[in-house]
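**Q** Listed below are the residues making up each chain.
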Amino acid sequence: MRRRNLQLDAQGHLRHLLTIEGLKRQQIVDILDTAESFITVGDQQVRKVPLLRGKTVVNLFFEASTRTLTTFELAAKRLSADVLKININTSATVKGESLLDMLQNLEAMQCDMFVVRHGDSGAAHLIAQHVAPHISVINAGDGRHAHPTQALLDMFTIRRHKSEFAPLTVAIVGDIMHSRVARSQIHALTTLGISDLRVVAPKTLIPTQVEGLGVHVYHNMKEGLHDADVVIMLRLQKERMQGALLPSEQEYFQDYGLTNEKLAVAKPNVLVMHPGPINRGVEIDSEVADGPRSVILEQVSNGIAVRMAVMSMVLGRPPINTESEGAAQ
Amino acid sequence: MQQLITQMAEELRHKFGSNVTIEDALMIGIHTGGVWVAERLHQALGIRQPLAQLDISFYRDDFSRIGMNPQVKPSQLPTSVDEAHIILVDDVLHTGRTIRAALNEIFDYGRPATVTLAVLGERSGRELPIQADVVGTHIQLGEHEHVKLTGPEPLRLEVVETP
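Chains G and Z, in that order, give the protein sequences.
Under our numbering, think of the first position of the first sequence as 1, with each following residue one higher.
Under our numbering, think of the first position of the second sequence as 1001, with each following residue one higher.
Since the hints were derived computationally from the structure, they do not count as laboratory data.
Treat the hints with caution; some may be incorrect.
As the list claims (entries may be wrong) - List time: in silico BS3-like cross-link candidates among lysine-lysine, alpha-carbon distance up to 27 Å:
id : chain 1 : residue 1 : chain 2 : residue 2
1  : G       : Lys162    : Z       : Lys1073
2  : G       : Lys238    : G       : Lys222
3  : G       : Lys222    : G       : Lys262
4  : Z       : Lys1073   : G       : Lys48
5  : G       : Lys24     : G       : Lys222
6  : G       : Lys77     : Z       : Lys1073
7  : G       : Lys48     : G       : Lys85
8  : G       : Lys162    : G       : Lys203
9  : G       : Lys24     : Z       : Lys1015
In this text, all values refer to a predicted model and were calculated from it rather than measured experimentally.
Bound-form chain Z, shown alone (with noise of 0.2 Å):
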């Protein structure tokens, strides 16, 4: 896990390259995974402004099919995300409506400069145009198979059944 964070966090560094400080980038974690994932990579990269932390409950597009989300937590964001790099964290990229709902939910908060999304692992079922910028595993599920993420100690990727 420790060489996969780090190889992540060597990434997000060559892909900020030399125009951005990656140090003053906004780093946010998706509730939960995402956050755990985030923890790492905030230390790894040395991030300056504290990790912050987003729970897409209120911006889920099936609300009005499955309802409210009882454990929903606070999010924990900067009062404005204008002009900030954000890198967008999250466990496993799978249908993208995560992330659709994390990037509104930003945008809600202001208008950031760039958004770079890392998630720790990817799999395939993509039902909206999102791909991530870093990736540090891709997952290759079998038809009945589906990953999960353990954790936050110690932070494990599994493939489990699905029922």
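So that you can see chain G by itself, here it is in the shape it has in the complex (with noise of 0.2 Å):
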């Protein structure tokens, strides 16, 4: 029979990371406290725990990536993790057989855990579905579906400047349509218990009944950042864009590209956030993303504590019992 939620085990447990739906809030909250512990790791002079050592990640990169790359291959080896990265050009069309072919080999290569980036929605879950019981696979972003640690890394960054998820505004501002990580971090945002979590874009960048998740839906800018908490911008994703969507990166920026001007609306102590890469001038002013209300950097240095969290959370699972495992299905 199927599992209900591929990504916890028989008990409860995370076994691989593929996406923040299905996951409650404790769980969430779990992998944040325990991020918390992973940012000393950084102050030491040897900058390394021996939690992961003997085992084997290999970062599967079907798509272009320098900041969740790297920083997922910094975790891996701040956990004295072996790391081995396989670039895979997306030309090469590695996919359906071929691509189950490629992982049987890398499990012949008694491998630990696949972390996966890919251009098509459910990759990583294909893999979880088909790796054999002691891997565990990490979504690292797939297609427009799932950007989980992303989102993780984000919540941990709000909730280090902000404590309290309830009482938030967030804005969420840009292309929402193309956007995994405005996916993950609306079902992050919405499971933390967020009070008002708004969208903000032109028509075509916003996917239909995006209400359904529990967001307000916001065209103008100054409307949808006023009093906001935190204003998260997304990166306008040109490669993914076909069509039409909008008249020019000027006239975006000029409507909603982020500007002190327009954050002025928004509360003193606004957070502004950012998964990079930016593209500046189109939908982020330098000076804001340069700026003192700026955390961008600062999300790129969490994401290594929150990669080594979630890393060291799905390999370090309390054993199976085989036995119960295969009764609980």
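Make the complex out of the two chains shown on their own, each in a separate frame, by following the hints.
**A** Set out below in structure tokens:
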């Protein structure tokens, strides 16, 4: 029979991390708490802990990435794991059976974890469905679907500044349509019980029925940012855009680019976030990106601790009693 | 309890002698019980540097058997322990594995001049060649008994039946 939630084992522990959807609030909080303890590892003279010594982590990147790939690699290395990086050229159409063949080969090399970035939605799920029982899969971004570790590091960054989620007003601004980051953030923020979650974008960049996820839709930037505690800017994903969704980058910046002037309607201690890479002068003005309200670089450092937490939690599960696991299905 | 702490503080002072001023030592308590004991010793000795705390969860040797400790707390150590005279404090010395893990973590923060181990209680069952320099009390246990520290207020060592 099919498992109800692929990413949890029979005891409810995190076995893979594929999406924020289906995670309970306490599970998210546990990950954030664990990440808090990994922050201090960066202060040590020897920036390493021996937790995953002897484990092998494979970064499978079917799509370009700098920040995510680097911080996953650093996270694994700070946990003392051995890291293998495989860049697969997307044009080589490594899909379907040939992908699974490659996984079997990697399994034969005794790997313990796959960190997967892929341009197709559902790629990490597909891999998780086919890996050997001892292997964990972490989704490092799949198509337009999900980017759970990015959402978790964003939650971690917000919590370090705002302590409580419930009273917050958070505005996610920009290309919601093509953004897996936005989707994961929306699931994380609603699970954490945020009171006012807004998405701000032109009509062409907002997916239909997004209100069903519990967000308020704004098409006017100043209305959307009014009294916001956190503003999350998204990158304009030119590579994922088909057809004429936007008039021009200049016009987009005029209406939806974050400037100090537009930010003035938010709360005075507002946090400005961006998952990177930023398009200066397109979705965000340099003055804001490099300004005092910006925590964009802090997000990058926090990404290491959060990814260390996720990796050590999925590989450090209490031992599975195979008999009871079989019975629970 | 207060008497035990006073006696341990005196022994520590004696151990340090006149070569090193104990007030300049770096005291580190191991989570959770060790921190409770260390708070009292830290005060009794008038140590100037703030009390450091260590959570050894990331250095345990049984990670692959029992998994991640869900209640891990951040370690709070100065960024460098180079040349420091460290007083490491734990509640009960049993197998010695916790101390092994703690020493490894400390050495990832630098190279201390000396490390002195002080424990509130000591029992049998050592699995590693590790002994304490200062011991509050030696605990004799029956076959199906173990010792537990409850606290922080009041701080008490209890002998309980192993379930």
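**Q** Tell me, which hint numbers fail for this structure?
**A** As far as the earlier hints go, 5, 8 and 9 are violated by this structure, in ascending order.
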